[in-house]
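Chemist: Please take these sequences and the hints and turn them into a complete structure.
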Amino acid sequence: EAQVTQNPRYLITVTGKKLTVTCSQNMNHEYMSWYRQDPGLGLRQIYYSMNVEVTDKGDVPEGYKVSRKEKRNFPLILESPSPNQTSLYFCASSHTQNTEAFFGQGTRLTVV
Amino acid sequence: SQQGEEDPQALSIQEGENATMNCSYKTSINNLQWYRQNSGRGLVHLILIRSNEREKHSGRLRVTLDTSKKSSSLLITASRAADTASYFCASGARSARQLTFGSGTQLTVLP
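Residue numbers (this note's numbering), protein chains in the order written: chain A, 1262 to 1373; chain B, 9 to 119.
Note that these hints are calculated values from the structure, not bench results.
You can take every hint at face value.
Here are some of the chain A residues that sit facing chain B, going by a computed Cβ distance under 7 Å:
id, residue
1, Gly1303
2, Gln1306
3, Phe1351
4, Gln1358
5, Glu1361
6, Gly1365
7, Gln1366
8, Gly1367
Covered by chain A, according to a simulated footprint, are these stretches of chain B (three or more residues, beta-carbon under 8 Å):
id, stretch
9, 40 to 54
10, 102 to 108
Computed from a prediction, not measured in an experiment: that's the story for all the values here.
Note that CB positions come from ideal geometry on N, CA and C, so glycine has one too.
Modeler: Have a look at this one:
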């Protein structure tokens, strides 16, 4: 089954404690991206990757890091989480940046 | 970036009625896509219409695209309570680095 898998689904953490949200896709897609979704602000792209070892900033990259060492995986790293990073996060993959996107189920992160 | 706008922001209808949602975008596109999101869940792709198409159907969904007005509409016919969700349009352009999502329409279908 074609899917994008994110983990964890829910996470509560404390300010400053490094965390990683994993994302994996099984469709051999080149393009992967991370979004955060906040009430009233819609979906905002954090980082994207056009292919292995190629990553670039989206609209709201501050406080986040990503890596793309393998085609299937695209982890999101918060080195020092802050309360303003409390949000619902989505990973997505697609063949290219403007084709049908497949989304993960989301990670609800709370930073206290 | 959020360049798309959708209206209405919220729509409440009775089961069996049709629901129409509109989307406007700002730049030239290669395609326009519609997604559905159940509360707190990931977005699910519904339909893609290319810039050289004017209308497309998929089951109870009908999408139109007017590139001269930079607008699209999604019609859901004979709505069901299970159609309750948020619906987002997303414009795709080869020159852009990402899909550009609209702000979404929250549809509630009352049984």
